[in-house]
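Line order of the protein sequences matches chains D and S. For the first sequence, my numbering gives the first residue as -7, with consecutive numbering after it. For the second sequence, my numbering gives the first residue as 306, with consecutive numbering after it.
In short, the hints are calculated from the structure, not lab data. We treat Cβ as the ideally placed atom computed from N, Cα and C, and that holds for glycine. It is possible that part of the hints are untrue.
Stated by the list, open to error - Label pairs and their in silico Cβ distance ranges: (1) Ile73/D <-> Lys600/S: 33 to 39 Å; (2) Thr77/D <-> Glu576/S: 27 to 33 Å; (3) Ile87/D <-> Asn476/S: 51 to 57 Å; (4) Arg(-2)/D <-> Ile605/S: 49 to 55 Å; (5) Ala5/D <-> Glu421/S: 45 to 51 Å.
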Amino acid sequence: MSGSTRFVCLFYAITIVFILSVCWLFLSNIGYTDTRSVLELFGRPWFWKSVKLSLLTSFVTTIIAICVGIPASYALSRFNIPGKTIIDIVFASVIVLPASTIGLCLMVAFQYEPILKIQQALGFRVVHSIPSIIIAQLVLALAFGIKAWRVAFDDVNPRYEHVARSLGSSRMRTFWKVTLPLAKEGILAGIILAWTRAMAEFGAVLLFSSTFRNRHETQFSHITKFLGIDRADILPVGMWMEIEGGNIEQGIAIGFVLVIITFMSVYTLNKISGKGLQARKI
Amino acid sequence: MIRVKNLSINLGSFVMKHINLEVNTGEYFVLIGPTGCGKTVLIETLVGLRKPDSGEIWINNQNVTSQFPEERNVGYLPQDFALFPNMTVEENIAFGLKARRKEEKHIQSVINRLAESLNISHLLLRYTQGLSGGEKQRVALARALATEPEVVFLDEPLSSVDEYSREILCNELKEIHSRFKKTFIHVSHNFEEISEMADRMAVINKGAIEQIDTVEKIIYHPVNGFVAQFTRTKNIFKGTISGNEILIDENIRLKTKYNTTGNVLITMRQEVIKILEESKGGNDNIFKGKIVNLKNRNNIISITIDIGIPITICTMDYDLVERIKSKSSVYIKIPIESIHVMKIS
């Protein structure tokens, strides 16, 4: 066997072992749940409220992350912002910090002035409220999104923008018509990251928002009740509560629901970006 | 007409100072210089992508110094042409017109006229990936010309094209320039590539313009050693002039048309020095020497003859080279009018 063949075989073997390990990771859990537990879970009203809450908060988080993160990433990529390196370090630190630390920081920040004063003026407290879920999810979703979007903009050669502007296109039009379409794949990758990060968020939400399932009905606003997300937790928190309460089977079932939702989200967004790519290859 | 008055650009580690330039309407003007001399910085400032620290830029009697690129009405072809890969050829050409909110009917007529004129009608519905170098150049020019710019800036557009294609694209570029009668300002670091195209050129070195002149004057009458070297003059020597005689290395005496005294830099173009098989005629500037080197590059033979100083001569007379290459000695004649003298301290 030549050196080159050995190299290919070794790398193939490592890849196959890795894929089998990931499959085993999920399949090994199937034995710890059963159809009855899954059906029982599906029959519980809080479960569907939790699915709705998870999807809704992740959706809102992703939209806010897109609206804030994409312009911020473009600015970081193109403008000479003072302290750019420090900003990069802060975002990278948010990614590697334990999520529970982020949750703790948020809780302290919102319990003290000046943010506390603002809340008092508005007659609303964020900590342990449904909007706090979005804030906790947003910190990490933004950090992940900005990392991906910044790379996407860095990859677009500024010459395209220079030419567009020389042709009479304003900065804003150039951004919409040239930069954004050219960075599309990276932008979509960032959206996938932000969405999945928001869906999977657990530690920060648990500390900053706590749980809602066992709270009294009167503690929820009319909007929350109207949306049908009262007395529910986001799925990762719901899964943790089930396991803490000794319902291992249902905890694992929620875990599988999370895996399926995440898989479907990534697959759908990949499909969208794939279609975009095919359209360009004429 | 483009006028640049006393322009200064400070980039911290690199400074361009006191740039003065006038480019006539319809002229093919070349900014040339070695890599890192500041020519791209200058063109980006002229396009409006950089703000100068001081000085003024005038395009057709309008001071555009503080205007953004989108307000200047210029065309810009950067390296590799930067055609928008997310758009078809047609959309690329229409881009500037749509940015100026022109009517759809007008846009279509401009696209059709330019596409026909530049022979790219068959490419209009294609995306830009996969176009040949020539097709890309024509599409980029069509896109730049669609908005009727006052001037088209070309920033080393042929830098990544192979040598064979570059020659074809250069000819095409010159032909399009003369057909559309627009002012072209072309940046290049390759003297051979650009010398046949330019009406006039500015030689830039270390952030300053060394010489602005016609190509012929820059080649045969460089203002300093850098320009002479950059224009590939092979024979550059230091010497002393007294009256109309120059002394090089204390043993070579050259007659010149100049009449002055002092230390000088002498340049003699390699293509105007003649090789003689035997000494004949007057003795002015005829020297006996020995062939020390003979090279054939792109069918031009470069011969170095040692006459006390090494003199390089370029010729395409292959018969003459065949006859002299085995001889122990040959003669050369340096025409008086081919000797260019620059005073040095």
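How the hints compare with the structure:
For the pair Ile73/D and Lys600/S, the beta carbons lie near 54 Å from each other, so the given range of 33 to 39 Å is not met. In this structure, Thr77/D and Glu576/S break the distance hint of 27 to 33 Å, their C-beta atoms being roughly 55 Å apart. A hinted range of 51 to 57 Å holds for the C-beta pair Ile87/D and Asn476/S, which are about 54 Å apart. For Arg(-2)/D and Ile605/S, the hinted distance range of 49 to 55 Å is satisfied, since their beta carbons lie about 52 Å from each other.
Range check, Ala5/D to Glu421/S: Cβ separation about 59 Å, and the 45 to 51 Å hint is violated.
In the structure shown, a violation is registered for the earlier hints numbered 1, 2 and 5, in ascending order.
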